[in-house]
Amino acid sequence: MIDSTKRIHRTTVGFALLASAALMLTGCSVTGAGTSTSNYEGDGTGTINALFMKQAGYSESDVAAMIKGFEAKNPKITVKPTFVAYEALHDKIVTSAPAGTYDVVHLDVIWPADFASKGIITDVTKRFPDSWKTDMLGGALTSAEYKGKYYGVPWGPSTKLFFFNKDMVAAVGASPSDLTTWNGVLTVAKKIKDAGIVKYPLAWSWSQSEALVCDYAQLLGAFGGQFTDASGKLVINKGAGVEALAWMKKTIDDGLTDPASVTFLEDDADKSMAAGKTAMELNWESTFRDQNDPSISKIVGQAAVMPTPAGPSGDHPGVNGSMALSIGAKSTHQLAAWKFIEYMTSQSVQEEFVKSSMTNWKSSYTKTDVTVSNPDVFKAAGVAYDTMVLRPQVPNYNSVSQTLQVEIQNALLGKKTPQQAMDDAVATANANLG
Amino acid sequence: MSVASVKTVEKSEMHPAQSGKPAGPRKREKQGRLAFWLLLPAGLAVFGVIIYPIFRTLIISFFQVNSALATDTPFVGVDNYVHVLGSASFWESMGRTLYFTLLSTALELAFGLIVAGLLNAKLRARWLFRAVVVIPWAIPTIVNAAMWKGIFSAQYGALNALLTQLGIIKEYQAWLGDPTTALNMVVLADVWKTTPLVAFFLLAGLTSIPAELYEAAKLDRARWPRIFRSVVLPMLVPSISIVLVLRTVEAFKVFDIIYAMTRGGPVNGTQTVAYYAYTTAFSDQNFGVGSALSYIIVVVILALSAIYLRLLRRSEMSLL
Chain A
-2 MIDSTKRIHR TTVGFALLAS AALMLTGCSV TGAGTSTSNY EGDGTGTINA LFMKQAGYSE
58 SDVAAMIKGF EAKNPKITVK PTFVAYEALH DKIVTSAPAG TYDVVHLDVI WPADFASKGI
118 ITDVTKRFPD SWKTDMLGGA LTSAEYKGKY YGVPWGPSTK LFFFNKDMVA AVGASPSDLT
178 TWNGVLTVAK KIKDAGIVKY PLAWSWSQSE ALVCDYAQLL GAFGGQFTDA SGKLVINKGA
238 GVEALAWMKK TIDDGLTDPA SVTFLEDDAD KSMAAGKTAM ELNWESTFRD QNDPSISKIV
298 GQAAVMPTPA GPSGDHPGVN GSMALSIGAK STHQLAAWKF IEYMTSQSVQ EEFVKSSMTN
358 WKSSYTKTDV TVSNPDVFKA AGVAYDTMVL RPQVPNYNSV SQTLQVEIQN ALLGKKTPQQ
418 AMDDAVATAN ANLG
Chain B
94 MSVASVKTVE KSEMHPAQSG KPAGPRKREK QGRLAFWLLL PAGLAVFGVI IYPIFRTLII
154 SFFQVNSALA TDTPFVGVDN YVHVLGSASF WESMGRTLYF TLLSTALELA FGLIVAGLLN
214 AKLRARWLFR AVVVIPWAIP TIVNAAMWKG IFSAQYGALN ALLTQLGIIK EYQAWLGDPT
274 TALNMVVLAD VWKTTPLVAF FLLAGLTSIP AELYEAAKLD RARWPRIFRS VVLPMLVPSI
334 SIVLVLRTVE AFKVFDIIYA MTRGGPVNGT QTVAYYAYTT AFSDQNFGVG SALSYIIVVV
394 ILALSAIYLR LLRRSEMSLL
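Chains as they are written, first to last, in the working numbering: chain A, -2 to 431; chain B, 94 to 413.
Calculated directly from the structure, the hints in this document are not laboratory data.
As the structure is a prediction and not an experimental result, all values here were calculated from the model.
Check the hints yourself; a few may be wrong.
Derived lysine to aspartate or glutamate pairs resembling DMTMM-like cross-links, with alpha carbons at most 20 Å apart [what the hints assert, rightly or not]:
1) A:LYS412 - B:ASP165
2) B:LYS263 - A:ASP191
3) A:LYS412 - B:ASP271
4) A:LYS115 - B:ASP165
5) A:LYS196 - A:ASP164
6) A:LYS196 - B:GLU264
7) A:LYS247 - B:ASP271
8) A:LYS274 - B:GLU264
Label-pair restraints from in silico Cβ distances [stated by the list, open to error]:
9) A:SER370 - B:VAL393: 55 to 61 Å
10) A:ASP40 - B:GLY141: 30 to 36 Å
11) A:GLY145 - B:LEU133: 31 to 37 Å
12) A:GLY229 - B:PRO146: 48 to 54 Å
13) A:VAL369 - B:GLY243: 36 to 42 Å
14) B:PHE168 - A:GLY379: 53 to 59 Å
15) A:GLY66 - B:ILE262: 48 to 54 Å
16) A:ASP226 - B:ALA203: 40 to 46 Å
17) A:SER370 - B:GLY243: 32 to 38 Å
18) B:ALA251 - A:SER128: 35 to 41 Å
These stretches of chain A come out as covered by chain B in the derived footprint (C-beta under 8 Å, 3 or more residues) [what the hints assert, rightly or not]:
19) 83 to 90
20) 248 to 262
21) 376 to 382
22) 388 to 399
23) 407 to 421
All C-beta atoms in this analysis are idealised placements derived from N, C-alpha and C, irrespective of residue type, glycine included.
Just chain B, with the same shape it has in the complex:
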């Protein structure tokens, strides 16, 4: 609710006889002051944990800072940015991040659509299915990572047990022991956790499609694939656009699941750009370069979001 609407509510509740009558300048000033004091704590919190660190990180990115307590920090201009953009490790981690982002977002969208369709079906105890599906999303990422690390264990993992008992593999595999496989396994863990969120976004879209549209399509003898292509998908564009932007940004920033499952290994095969920024800043104590890396990540995310929004805005159904 906006401040203006709050004011209106206050007015109508406290002075019903005067509602509709413009407030005098003194009263407006008084209310403005009250709003200021009410908003001050939130403003301070936002300044302290978001605006100030962003500003400080930007400053640090232009200096050579080799310790958390450095006092000698020479100004290096854009050298840190040049260093990052010229680093092979940066581009390698960028490639892995892009792969992770595209694969996980695509899988989450595909599975999310299927799950949303199932949850939208008129089933008995539908509320129960909906509650169960949300569980992976409700589990903290660190717990999710630990759980999947156990499932992928080369010695006692459930995945190995399942696949050997089904006769798909002959002996236990170290799923996190090869860089490419490990990255795919991390994607799988992320997809398992995040698909419910995507599904619920899409479910919201599905429930808002008027039943008349389905009926009209059926009268025109359209089959389900056609209904999906010509009715469901266009009507879901607003939900898909929101999900795409949200998930792309989140997947590009992926850090915690990597930290808990593989710590970037083996041979840096799961080191994403956010993890690379973390090790550069905190393990190597190269805070200047780490800050520059962070800003480059922000720029890439902004660019990706802008591209998405531009593409999706072309659709008449898009809300964005």
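Just chain A, same shape as in the assembly:
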């Protein structure tokens, strides 16, 4: 009896200790995030951890070379980079935020609203020189801006360009001028298919991922549509929104698009074209570099690039896929992190690695010594950056995007009509917009 009383007492004390320890560890906050105004600035020295995307744009070796250059100029700062696939980047930033693991994080254009409104990245408006606002491309600046404040520095504007195999196109008697409209693209694609050059002339990144929304955005723009109206509500269940999706579905039904596209990311579409199995695709700027790399491509010298074709509206805007570098809110080396970001986004560094990613700086586009290093992409990108389609800039974009991905795929797989899919997407997404 006495023993069991003792045991109960011990258990109660154990639970009480457990509860107190948990509350102490949480700092009496459910998330553990305090409201303290600790000094996170640091003294501008030490080791900083940086999180990058490994996919399109700057390669790991590019970033390693940049870091080497930075450390040579700033011997008291050491940079430790970590690379993750784009698909894992958002969640990695979120999960590492409470611990402040990363001082610098790589940001996509669709995330400033999400991360800034939730306090995950730092407001750097005071550090951001006014001259940058005019010296940098407008489309690139949106990748770090939310509600008039800057939460990072653009690190390369980006959009999807149109890549094609010029030998395959020439083999059916067509020329690049036949590919300036999406109708023209389909005509040439049919000729390539009929000639038996490839079974499916078109490949897209239409797996259930952000890549699908990027392709849809680009076609939505070509059909003269926009994601949202003036009130910020999604309106893609009307006119161009449905027409663009119906067009995508028709390319599958006509046997012009590889049906495996619904499992592809950008890298898969790129590999398919580099293997000579695809004649045409939409992809990011660095694709041109990959298709001319003999170690991974069978079509070296055959790839050509041009701005995205125009739709029925005559418009040919590219999707805004610009990226930025931001400082993690819990970083305790914010001064050193800023120095690193300043270096990485500087005009000279961006111009040096222009084959991998375009530069934010307007004046770079008129420097012949810069444009000559990647003339095809510069020519195509210059036109594409004039007008770019933005995906909805809302705090819960991820949830909205997931809804769009599922409903667009429902239409592509024939499980819903394009109209039904877009109606359902708009109903669910608008309810989640907040």
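Go by the hints and put chain B onto chain A.
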């Protein structure tokens, strides 16, 4: 080995003359203190990585938490649980998870039994077969997923090449391009990886069946199907029960193979409940609802395990 047995061993080794003599209260206290300090690191680790997160997740499930760094987190009571249980996405993912769990566990059990039978046969170089069979289980899940993703590739996959060359299909298929097919393909990848584990559990059971039972059955002129039904299967019940509980729980929590092979697509066709909880918590940053989802998963797993154990306990041969 329990702490008590450790104490006995220590006693008999250090003081053989005194073994059997009860230790005094001071000595017991001293040993208790030593045990406490020895167990403290393990206790801290368990607290840090299991108990504390479980407790914290429970707390979060009663609050509205929309950011990993949120400071304004209103208490919402059981609203998050109500939201989850009223969500069509939750029930859809639950249905897919149930399908995945039942199909993969059933296939693993069936194939595991066949493999165990083969491995139990008196063959030359049996050790080699046993070593080879364990390889799929030894491969990390992420590697396994990447390998199967390659096998199922619509452009260069080995499965397409095999089936077209055998004349079974005329053209390459996008095996991961249709929601139902994709889920079945993920099941196949999981079955390939986990069957060896099941087989080894069952092999342990098979080797413990006394040879006399087989001999007696043969003397009674029983044929192999009858021997299997009346001798092997009842004797394997303890092993099967362990495997069923383990695999059901594991399959219900399936996440990594989905993440690496399909990321829940196409059209959420492979989104299991654990993956749904992950996207809710980390992609949507809806940590309150994500935590509630996690607890619902735990409750379902506990319920499933309890049902299994109850059913299997009825058998006299069950160890559980």
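Pair hint outcome, A:LYS247 versus B:ASP271 [Cα-Cα no greater than 20 Å]: OK: A:LYS247 and B:ASP271 at ~18 Å, within 20 Å.
Proposed proximity, B:GLU264 with A:LYS274 (alpha carbon, max 20 Å): holds, 15 Å
Stated coverage of the stretch 376 to 382 of chain A by chain B [criterion: 3+ residues, CB within 8 Å]: It is violated, with 0 qualifying residues against the three required.
Given hint B:ASP165 paired with A:LYS115 - CA-CA distance at most 20 Å: holds, 10 Å
Verdict on chain B covering the stretch 248 to 262 of chain A, where coverage means 3 or more residues with a C-beta closer than 8 Å: Three-residue rule met by the stretch 248 to 262 of chain A, so holds; n is 5.
Given pair status - A:ASP164, A:LYS196, alpha carbons within 20 Å: Status holds; Cα separation ~16 Å.
Assessment of proposed distance window 48 to 54 Å (beta carbons of A:GLY229, B:PRO146): With Cβ atoms ~37 Å apart, the hint is violated.
Agreement of A:LYS412 and B:ASP165 with the hint, judged by alpha carbon distance not exceeding 20 Å: violated, 41 Å
Within 8 Å of chain B (C-beta), three or more residues of the stretch 83 to 90 of chain A: holds (count 3)
Hinted pair A:LYS196 and B:GLU264, Cα distance within 20 Å: holds, 11 Å
A:GLY66 paired with B:ILE262, Cβ distance criterion 48 to 54 Å: For B:ILE262 against A:GLY66, whose Cβ atoms are near 53 Å apart, the range 48 to 54 Å holds.
Assessment of proposed distance window 35 to 41 Å (beta carbons of B:ALA251, A:SER128): violated, 57 Å
Consistency with the previously given hints fails for numbers 1, 11, 12, 16, 18 and 21, ordered from lowest to highest.
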